[in-house]
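Keeping their order, the protein sequence lines are chains A and B.
Counting from 1, position 122 in the first sequence corresponds to residue 122 in this note's numbering; the numbering is continuous, with no gaps.
Counting from 1, position 250 in the second sequence corresponds to residue 250 in this note's numbering; the numbering is continuous, with no gaps.
Quick caveat, the hints were computed from the structure, so don't treat them as lab data.
Each hint should be verified, as a subset may be incorrect.
Computed footprint of chain B on chain A, listed as stretches where at least three residues anywhere in the stretch have a Cβ under 8 Å from a Cβ of chain B [stated by the list, open to error]: (1) 8 to 16; (2) 39 to 46; (3) 61 to 74; (4) 85 to 91; (5) 105 to 117; (6) 133 to 139.
One side only, chain B facing chain A, incomplete, derived with CB under 8 Å [what the hints assert, rightly or not]: (7) Cys-119; (8) Asp-135; (9) Cys-147; (10) Thr-150.
All residues carry an ideal CB built from backbone N, CA and C; glycine is no exception.
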Amino acid sequence: MFKTIKEILRTGDATIKYPFAPLERPEGARGKPEHDPIACIACAACANVCPPNAIQMLIEADKGQTTWSINFGRCIFCGRCEEVCPTHAIVLSKEFELAVMNKEDLEERCTYDMARCSECGEYYATVKQVDYATRILSQLPGDLEAQQAAALTGVCPKCKQKADAYRNKHRDELVGGKRKMEAKR
Amino acid sequence: MMVIDRPLPDALQYKPAKREVDEAVQKAKLALLHDIKRSVYIYRVDCGGCNGCEIEIFSTITPVFDAERFGIKNTPSPRHADILVYTGAVTRAMRMPALRAYDGAPDPKLVVSYGACGCTGGVFHDNYCTWGGTDKIIPVDVYIPGCPPTPAQTIYGFAMALGLLGQKLKHTETREVPGEQAPLLYASIPYKVRVSIEREARRYAGYQWGAKLSDEFLQTMEKSENNVMADVNHLIAKQDDPRRAEVFRALKKVLEDALVDDGRMADMLKSGLERVVVSGDDRARAIADSALSEHGRR
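Extracted from the complex, chain A is given alone in its bound form:
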């Protein structure tokens, strides 16, 4: 009996103080994904990889808006959004106190404007994404491919396809002409 009490006193109190004192979470603990609306370019990479579709993109082409949203009630805290984010706009924090009384509080939304295609005038991507891509491509001054791509950032995929087809045709004519000349020689 005395031995047991001694052992209990030696062991001390194992219970954490949590609700009355803040809880230290260990390194690498995955909690609420924190979204930085300024760093986000609404490229939808996170929505593509999200296994439970907690992150979704609602594209309203008639309004010219894209809405990024996350539902923490559906999130499984896997961290795949953090892995794929090209601008480090979404990072898993250690915040874990996410319980709510009202279901709407589980949702977070961010709305972004979309850019119009310079040729056909249709909305095709968010303004921030186009801007980001243009700035990345302008970092590569010696790269021919990047220069060609930079010239076409303001164009929607459909019009870009047309431009590519036109350029290829043009190139074929050029190369073909050269070949013919070489063959004549």
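With the hints as your guide, set chain B onto chain A.
Quick look at chain B alone, frame taken from chain A:
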């Protein structure tokens, strides 16, 4: 696949009628929450979960987290329960048992929707054989998200249900400010060098750690004022963990390969990182030249 969640037309999917709470019961519930002076008993209903939530509930009542110090106690019958905890995405087969447990518990009672599946259906939200969340069939008072919620999250949820702690999370709507720009990461490092370093780090250490290690490496490069290689060598030398040192050595090799090696390297390293990469233009021209000469030989 990116999914844009639009509600299905009602004609395409049967939706069960949801239970509603009487006004008198609601009043009694508020009164109970306001002035609860006894232990609360919990009954747990597994509505087709993976058992992860159950394991976390049982670790909540272990001595380390010890939910019983607040008088929260697990009970084996819904007839003794004050709080019903629903886990799982509510499979079709579990709807009736879930309702029987709900009807079996005496009023006023609290319903807690536990885990990602309980809150919204989680990964099973669009599965054909689930109802996608507890709140589709019965009124829910507290949602505890998580997959599964950790014991601390669970304690927070119960403390919030009993009015000990306040709610932290709030619904937010943000609108883009016109002219807002996303900052470029590591703008002073040539883009192709940055990308090849990030790729190599991912190849060595996977996405999560690869990103952390390449960030550390690129930050060292960015902070470096005159001699990049010396700073990188210093970064490698100060690593205690041989695995980290190995990854950094591999990244250093990528950086060396990216540098022009024709005697000008030393000067270029002195002058920092600017334009020390083989430009894509040269490479493209070399490829084109070789292709054309080959063609000419034919």
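Going through the hints against the structure:
{"no.": "1", "hint": "8 to 16", "in the structure": "holds (count 3)"}
{"no.": "2", "hint": "39 to 46", "in the structure": "holds (count 4)"}
{"no.": "3", "hint": "61 to 74", "in the structure": "holds (count 4)"}
{"no.": "4", "hint": "85 to 91", "in the structure": "holds (count 3)"}
{"no.": "5", "hint": "105 to 117", "in the structure": "holds (count 9)"}
{"no.": "6", "hint": "133 to 139", "in the structure": "holds (count 3)"}
{"no.": "7", "hint": "Cys-119", "in the structure": "3 Å, holds"}
{"no.": "8", "hint": "Asp-135", "in the structure": "7 Å, holds"}
{"no.": "9", "hint": "Cys-147", "in the structure": "4 Å, holds"}
{"no.": "10", "hint": "Thr-150", "in the structure": "6 Å, holds"}
Checked against the numbered hints above, the structure breaks none of them.
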